[in-house]
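Using the UniProt record's numbering, read the sequence shown as starting at 1 and increasing by one per residue.
Derived by calculation from the structure, the hints in this document are not laboratory data. Hints are not guaranteed to be accurate.
Each computed DMTMM-like pair below joins lysine to aspartate or glutamate, with the alpha-carbon atoms no more than 20 Å apart [unchecked claim]:
id: 1; residue 1: Lys292; residue 2: Asp52
id: 2; residue 1: Lys269; residue 2: Glu173
id: 3; residue 1: Lys89; residue 2: Asp175
id: 4; residue 1: Lys186; residue 2: Asp268
id: 5; residue 1: Lys269; residue 2: Asp88
id: 6; residue 1: Lys80; residue 2: Asp268
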Amino acid sequence: MYAVNFTEVSEFVFLGLSACRPVQRFLLAFSTVLYVTIVLGNVLVVFTVMLDPHLHSPMYFLLGNLSFIDLCLSTLTVPKMLSDLYSDKNTISFQGCVFQIFVLHVLGGSEMVLLIAMALDRYVAICKPLHYLTIMSPRMCILLLSGAWVIGLLHSLAQLAFVVHLPFCGPNEIDSFYCDLPQFIKLACADTYRMEFMVTANSGFISTGTFFLLMISYIFILVTVWKRSSGGLSKALSTLSAHITVVVLFFGPCIFVYMWPFPTVSVDKFLAILDFMITPILNPAIYTLRNKDMKTAMRRLLYIFDGHKVEKY
Numbered sequence: 001m002y003a004v005n006f007t008e009v010s011e012f013v014f015l016g017l018s019a020c021r022p023v024q025r026f027l028l029a030f031s032t033v034l035y036v037t038i039v040l041g042n043v044l045v046v047f048t049v050m051l052d053p054h055l056h057s058p059m060y061f062l063l064g065n066l067s068f069i070d071l072c073l074s075t076l077t078v079p080k081m082l083s084d085l086y087s088d089k090n091t092i093s094f095q096g097c098v099f100q101i102f103v104l105h106v107l108g109g110s111e112m113v114l115l116i117a118m119a120l121d122r123y124v125a126i127c128k129p130l131h132y133l134t135i136m137s138p139r140m141c142i143l144l145l146s147g148a149w150v151i152g153l154l155h156s157l158a159q160l161a162f163v164v165h166l167p168f169c170g171p172n173e174i175d176s177f178y179c180d181l182p183q184f185i186k187l188a189c190a191d192t193y194r195m196e197f198m199v200t201a202n203s204g205f206i207s208t209g210t211f212f213l214l215m216i217s218y219i220f221i222l223v224t225v226w227k228r229s230s231g232g233l234s235k236a237l238s239t240l241s242a243h244i245t246v247v248v249l250f251f252g253p254c255i256f257v258y259m260w261p262f263p264t265v266s267v268d269k270f271l272a273i274l275d276f277m278i279t280p281i282l283n284p285a286i287y288t289l290r291n292k293d294m295k296t297a298m299r300r301l302l303y304i305f306d307g308h309k310v311e312k313y
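Work the whole structure out from these sequences, hints included.
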């Protein structure tokens, strides 16, 4: 709603991943397969957690919400990219760009807090197993999830408060396939040095701080387990390795995009693909292929659906 008063630019043009038509066709086919896999994989995780009573525990409740956020992150950017690759009409309205930035940071901020909640869940499960169900009660899980969404919303609003009043008079080309603050700010017709610093401080330092907080918490868990019993260290490592992999995949691109002092467009595009198309596939794969309960529950769910099909016919 601020665009009418503060900008002459009504839309932005995405330069996309490539200007070569054969490469675009390959990317369209490749990205379509990836997106379908993302949707099927994450929807399967969400519905398995919802429908299987054996998975109604704090760990799987948080995992289901992680898959939901990953699905939303991909859906925010990938369908638009596929449409642009197909039609070669790479434009987005000013309001659409601002909305994409807003939702992107809501989801990103929420996932950061959710990963902290998942680390807390593993800490309680490994270090305080006798008090696990008392500490990680349904009420606590709802509070953690609500806090994640509220913090994500506040983080996004704080980001937009820095940039929403910037004047835009051209150029209007974004060398990417989606809108985010670093590219958005550079197109403003004003001195944006302070603005870029505030955005870096908000997103970059928060991402870096959260990443190191999570790494320290995992190290603390492993040290605690090692002190109690060296035999339990391998089991704890097996449990935490999936979480550490997810954290590195999520925070690595975020830290690089916002904190690296020498940004490179090609690297930023690669990291964006990693964030929106690779990580959302790996998350359900990491948590399901390494988890016997999830694999058993998925087989049970598929068996039930197949049974209904048999009965129907």
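Structure-based check of each hint:
1. A hinted pair counts as satisfied when its Cα atoms are at most 20 Å apart, and Lys292 with Asp52 qualifies at roughly 14 Å.
2. In summary, the hint linking Lys269 to Glu173 is supported, as the alpha carbons are separated by about 15 Å, within the 20 Å threshold.
3. A distance of roughly 14 Å separates the Cα atoms of Lys89 and Asp175; the hinted pair therefore holds under the 20 Å criterion.
4. Between Lys186 and Asp268 the alpha-carbon distance is near 15 Å, which keeps this suggested pair within the 20 Å criterion.
5. For the hint linking Lys269 to Asp88, the alpha-carbon distance of about 18 Å falls within 20 Å, and the restraint holds.
6. Of the pairs offered as hints, the one joining Lys80 and Asp268 holds, with about 18 Å between alpha carbons and a cut-off of 20 Å not exceeded.
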